[in-house]
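A.B. asks: Given next are the chains, with one letter for each unit.
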Amino acid sequence: MTDYFKYLLSPAILSLHAWGMWMGGNYTWIGLAALVGVLCFDAFLPRDYSMRDQRYVRIYDVICAMTVLASFGNIFFYAWLVGSGHFETTASSIGAFVSMVFIGFVIGAPPVHELFHREEFVLRWLGRTGQCLIYDPWREITHVVTHHMRVATPDDPDYARRGDTVYGHILRTFPGQWKEAYHLEKMMWTKRGRKWFDPRNAWVYKAATLVIFTGILYALGGLLGTVLAILSLLLGPRMMLEVFNYVNHYGLISATPGRFEKHHTWNHISPLTRILALEITNHAGHHEDSYKPFYKLEPDTNGPVQPQFLLVVLLAFVPPLFFMMIKPLLKHWDQHYASPQEREIARRENERAGWHELNQPDPVNDLPPGIWRVAEA
Amino acid sequence: MLKQKAPSAATRADLCRITVRGKDGSEDVFDIRRNDLLLKAAIDQGIEYPHNCRVGVCGTCKTRLISGRVSPMVDLALSPLKNAEIEAGFVLACQAKVRGDLVVEVKLGHHTMLPVTTVSARVSRWRKLPGEVIDLRLALDTPVHFHAGQYATIAESGSFTRRSYSFYDAPPMDNGAPASEVGFLVKRLPGGRFSEWLFAEDRSGTKFWMEAPFGVMGVDEYDRDGLCVAGGTGIAPILSIVADRLRRSTTAKFTIVLGVRSATDTFAEPYLRALVDQAPDRVRVVTILSHEPEGSTWAGPRGLVTEALGPELGLDFAQVSAFICGNLGMVEAVERKLIGLGVAEERIHADKFIPSGTP
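Going down the list, the sequences are from chains A and B.
Quick note, the first sequence lines up with residues 1 to 377 if you use the numbering used here.
Quick note, the second sequence lines up with residues 1001 to 1359 if you use the numbering used here.
Errors might be hidden in some of the hints.
Unchecked claim - List of simulated lysine-lysine pairs, PhoX-like, C-alpha gap at most 20 angstroms:
id, chain 1, residue 1, chain 2, residue 2
1, A, 262, A, 292
2, B, 1352, A, 191
3, A, 195, B, 1082
4, B, 1082, A, 186
Claimed, not checked - Quick look at which bits of chain B chain A covers, simulated, 3 or more residues with Cβ under 8 angstroms:
id, region
5, 1054-1068
6, 1149-1160
Stated by the list, open to error - Coverage of chain A stretches by chain B, computed from C-beta distances (three or more under 8 angstroms per stretch; other residues unrestricted):
id, region
7, 183-190
8, 253-265
9, 343-354
Hint data in this document are derived by calculation from the structure and do not stem from the laboratory.
No residue lacks a Cβ here, since even glycine has one placed at the ideal position from N, Cα and C.
Sequences are here, hints too, so could you generate the full structure?
C.D. replies: Right, here's the structure in full:
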């Protein structure tokens, strides 16, 4: 039964964060501290390839839905606290804001992603509406359609090529997603023979959801509460999701777009990351079947693995360090995971990035075979 | 007709029974695992399910769902299906996750399914033809089997960019022998990532990767007369099919209607001439020009390719097999016209060009 309760970690941190904000003062940092503490502890744990108990799977769904609802409660609570002048000191204001940013990303976004992939109407509706928590109800369309279809190719706006920094990626990915989302929405209303403003169009619903969400924030927190709440969502879950995308397929190459193979993604298999991120870091399973609920994902026991999630995300913000970390792993992937055709693309991508050393085998310093196989982990 | 194919790895409870009804009254039954993609699972079992791109953009695997439940991987409004088709219960098999027993309507092929393989190759011919077309031939490092009218996906070594083109060759004469060299007709598309690269310089000797074969265009009785309608480089699979059928049948006759823009678009001439020379009394070619300047010396028909289709062809439309290849709009217009002329729907075989979606 412990498998089920593991996923209560997210709502527990959310509750602690809410309590910290209510207490005010330096307690506002407590949510962030708990989150970072858990992730730091996680960095020292061995990889976890276990499967989840499947006997009472509804419990997982309830916890997941509850986390989305609690995240809504959290952002509304924050807007209200800001609007009512609850944070009296600069330290408490910054603490609450920074905690909102990181908790919104690590705890708020994964269940939203999980649910908008689901087939059950209520869960999917909650997932789609939950995209208010990343302040972008359009994120789903380019994710489900474009990203999952074109993963590990430059035709996926979510993909970062070798040599791309996270800053360049953010500047490219947003316009790419907007263009793609417009193209897809337009195709849907055109195909159905509707005018662009037809209320039955998906974008109208999404826009209306966002307006209502913003209205609630305003009613609770006034102008300042609304602005800070939205800013925390944009800087937190919205932007950090792109950092997650940046690392998660970084530099990997698919020669078969549309046909995912497990080596086309990185995984983060440490136990607490798996729990907090609702298994999304167990990424091969998710791409193999994007309808599969998080508790059914099977960790790939031979799949490419990056260092611990928090470390990788932090490294991403310092490109020289990120490149230092990722280059040997990419070289290992090229040598042991890429198909012959993918290896040739990788060779050109390395040249494009100026990473010529990745094309030179170095038996002494190259990583040995089997570093990602579970038996040798 | 009833055939049973059961995968061995799954237990009975995991399996869904798929009943495929053809318009000709045929019925095929096979089992696939619950939650598998309908097309992929069928192909993996060697079932000749009509398909092309396998990623939801070409519409070839269009299937009418008569009963049962599938989950489309993407909103079907984002696929080539028309809204009326979606409302009538059509789905794309490549995007359909099977959730239970199904009864579907689709026309399965009954040829031997050939395994799809990825092989390396070198450009053995790079020749510019009139009308901004390149004859691209690849010498394959590992020979590949294919059926007439099928196509391949090719990519330059080291490039992410892949494009699909039909073979213009007939499969090798020796029955069952693989081809060690294959040819494609590549039209230059302004701004197109692959075709502009290919046109930029002579690519002879360049290494390529080819994944093939795909598609099930050429299925039908070999002795039946054929009406082949092509737009531009859509002539490629037609060349393959007609050459193959001329060898397989001693009686079948073929009318090839080719639509091009102007009289200078003569890229297909040598290939068509070779076919006519092979069987002068069994192959006839009608070329129709859509954008030929007024007052030119062209004495043949002018207009869209559909305008060349009519009683003046002197065909028994109720008896012919039709093969169509061109862009989506052209193929759909020709299909409508042929059905109006009395061609049986199940004997219309079409291959639609769909832009890659990326420049």
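A.B. asks: Take the hints in turn and mark each one as holding or not.
C.D. replies: Cross-check of the supplied hints:
1. A:262 x A:292: Since the Cα atoms of residue 262 (chain A) and residue 292 (chain A) sit roughly 15 angstroms apart, the hinted pair holds (cutoff 20 angstroms).
2. B:1352 x A:191: This hinted pair holds, its Cα atoms lying about 19 angstroms apart.
3. A:195 x B:1082: It holds: about 16 angstroms lies between the C-alpha atoms, which stays within 20 angstroms.
4. B:1082 x A:186: Within the cut-off at roughly 14 angstroms; holds.
5. 1054-1068: holds (count 3)
6. 1149-1160: holds (count 5)
7. 183-190: It holds: at least three residues are needed, and the region 183-190 of chain A offers 3 whose Cβ sits within less than 8 angstroms of chain B.
8. 253-265: Since three or more residues must qualify, the claim that chain B covers the region 253-265 of chain A holds, with 6 doing so at under 8 angstroms.
9. 343-354: holds (count 4)
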